[in-house]
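Chemist: The primary structure of each chain is shown beneath.
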Amino acid sequence: MRSSRIRFPKFLLANAPVLSIIAVLAAVPPFITNMYYVQVLVFIGIYAILTLSLNLLNGYVGLLSIGHAAFYAIGAYASAKLSMELGLPWVLALAGAGAIAGFFGYLIAKPTLRLSGIYLTLVTLGFNMILFLVLQNWMSFTNGPLGIMDVPPPSIFGFVLSSRLQYYYLILALVLLTVLSMHRLMTCRFGRALTAIRENELAAEATGVDTTRYKIQAFVLAAFYAGIAGSFYAHFVKYISPDSFTINESFILLAMLAFGGQGNLIGPIVGAAALILIPEAFRPLQEYRMFVYGGVLIVMMLVRRQGLLGGRSYSLRWTRFDSAPARIYERGDKFLPEG
Amino acid sequence: MIKKMAVTGMMVGLILAGGIAGLEPALAAGEVKIGLSAPLTGDWAEYGNDFKRAVSMVIDKVNKEGGINGKKLELVIADSRGDAKESVLIAEKFVADPAIIAQVGDFSSSSTMAAAPVYEQAKMVQISPTASHQDWTKKGEFMFRVVATQGYEGPYNARWAVNDLKKKKIATIYINNDWGVDANKYFVGEARRLGAEIVAEEAFTPGEKDFNAVISKLKRLEPDLVYMPTFYADFTAILNQAERARFKPTVLANSSLFSVKTLEMGGRAVEGTMIPVNYFGSDPRPAAQNFTKEYKALYGTDPNQFAALAYDAAGVLVAALKAVGTDSRARVREGLIGLKGYEGATGPISYAEGRDPAKLLVRIMIKNGQWVLYKP
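Keeping their order, the protein sequence lines are chains A and Y.
Count the first sequence with the working numbering and you get residues 1 to 339, in order.
Count the second sequence with the working numbering and you get residues 1001 to 1376, in order.
Treat each hint with caution, since some may be false.
Unchecked claim - No more than 16 Å apart at the CA atoms, straight line, and that leaves these computed lysine to aspartate or glutamate pairs for EDC-like:
id	chain 1	residue 1	chain 2	residue 2
1	A	K238	Y	D1135
2	Y	K1322	Y	E1031
3	Y	K1138	A	D150
4	Y	K1169	Y	D1224
5	Y	K1139	Y	D1164
6	Y	K1138	Y	E1353
7	A	K238	Y	D1224
8	Y	K1052	A	D150
9	Y	K1139	A	D150
What the hints assert, rightly or not - Covered, in the sense of this in silico footprint (three residues per stretch, anywhere, with C-beta under 8 Å from a C-beta of chain Y), are these stretches of chain A:
id	region
10	23–37
11	193–207
Since the hints were made in silico from the structure, they are not lab data.
As the structure is a prediction and not an experimental result, all values here were calculated from the model.
Virtual Cβ for every residue (Gly too), placed ideally from N, Cα, C.
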């Protein structure tokens, strides 16, 4: 029997890799003098949350959603409206944006999740298109194509964010919360049930998993996270218009997920980071830089169909010091068979 | 396994190499740069490349004449894809480079507006050739516009329609984007004030192909004039379908249609269309003539108005730099406001009264399949 005096440092040691990554992410940015790099990091953060939320559906449950930008848009507009018209403080607007996006997720999921495969995919695509048209045409509420201007900066209990570094720490906190909460979800019964549904829906149902209910819950959760990212985007860029939430945006998210690999929590973040960094890094090439972007994606699909880190789980724990056995699911997902 | 690891390693290496290539090289002392943010790829690539050609032309000319106070100008071009988040990153990149003194761009209003707070905070001039959103220049003190806004062009067209053409029963068809909504709103407001009756205001979504419902409605209402803030693809589709429905209205539209594409795709259906333009190739003013000649000599094609507007944006910027020097970003703003008697390809430009210039519009129309100066 170990005493708690020894177990505590062991817990620290086992989590040392994760903790050191967080420490680097928290400690390095204040020393970056060129704010452009900080801004790039902020955008990576936004897209990391979005890709992680899409991963919940595509990677863990195996529901192919290709209209995820719709929930991102709902989050952005909801948050802007809540803080500007109702005067809610940002923290409440953020929660509200997530809740409203989640509610729309429920509205879409409830009637359509009895469908499977391509039918559900088409519904998500259609929903994205309809939502874009609503944002574009509902002049009195969304100000149509003119967009919503001067969204206030986030204020947290009276502290108003102004510098880019503060935005960076806010998005870092949001990304960490997302990863942590998803990690907890995926290692409890809920996550096991989702994985079971992905691996074999019939078998899952036979062992007593209420598949429809779990799929709806996953959909609502994914919409919730996308709404959170939308809220941050609205208060960060301070101008939102329907242009930013077209079906194209959904495809970018899918590309990030396909590039980084799905079914774990690291792949989506790596994918988001890579596909933000590649076009930025090749900016000196001007219009030819998108060749690199497309080329990298094609090469990836040719040589590694499951994406950079897809197809299996990775443990960031230092297992030598881990008292609990490592939990690794070896199989990938069924949409992208192993190459 | 080894093969997989090698591929993964290659990918990571490629990304890292790109990251290193993206770092800016150390600055040579006394270098002055101008940033250009424009959609070189994506839906608006054609217009972004017009910007690139016209602005490079101005910069090359200045450098050939010895630069500004002996300093050469360098153009830094960045592709925004017409995406708001890219233009924000470009703005950050530009303001972080101390050698960049001012920025030209972007093309679309949404990209321009999303980037505006970054430029405002850095006190760097953001001069857009084409962004037409009314509220953009109100977002800060450093936003300058070259194009006539719809707040200006709309009422101008209304006076043309109601006072000069004596049309009293007017219908409008407009594209539902930020530009079209403004264009319609300001036209309708002024036309009503002048005593015209607006019998219909019809919006359509960008990309729509079938306009038969709108056309049969308008045909029934028999307007004296149809005002159409649209772009050439929609405009020619509407008029071609109207012709098939035997509906041939008198049409007044916007500078956006000024392109050979309108003539090619519209054919007989667009005959008689009247529009005001910022720039017209056979405009007799010397500034416009010089621009047309230079552009044609350099690139071998006739310039369009987007090129002309970008040419003027770079032109006023260079004139301002000549007046106040290249020491501080904030002073460029004073230079632009203090500018007097600047003659551009799109007419005289002055920012003394505000950062939305009053423009001289040229009236033109389609006659025998050609754009010609409008004569009553």
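Chemist: Can you give the numbers of the hints that this structure goes against, from lowest to highest?
Modeler: Of the numbered hints given earlier, those the structure breaks are 5, 7, 8 and 11, listed in rising order.
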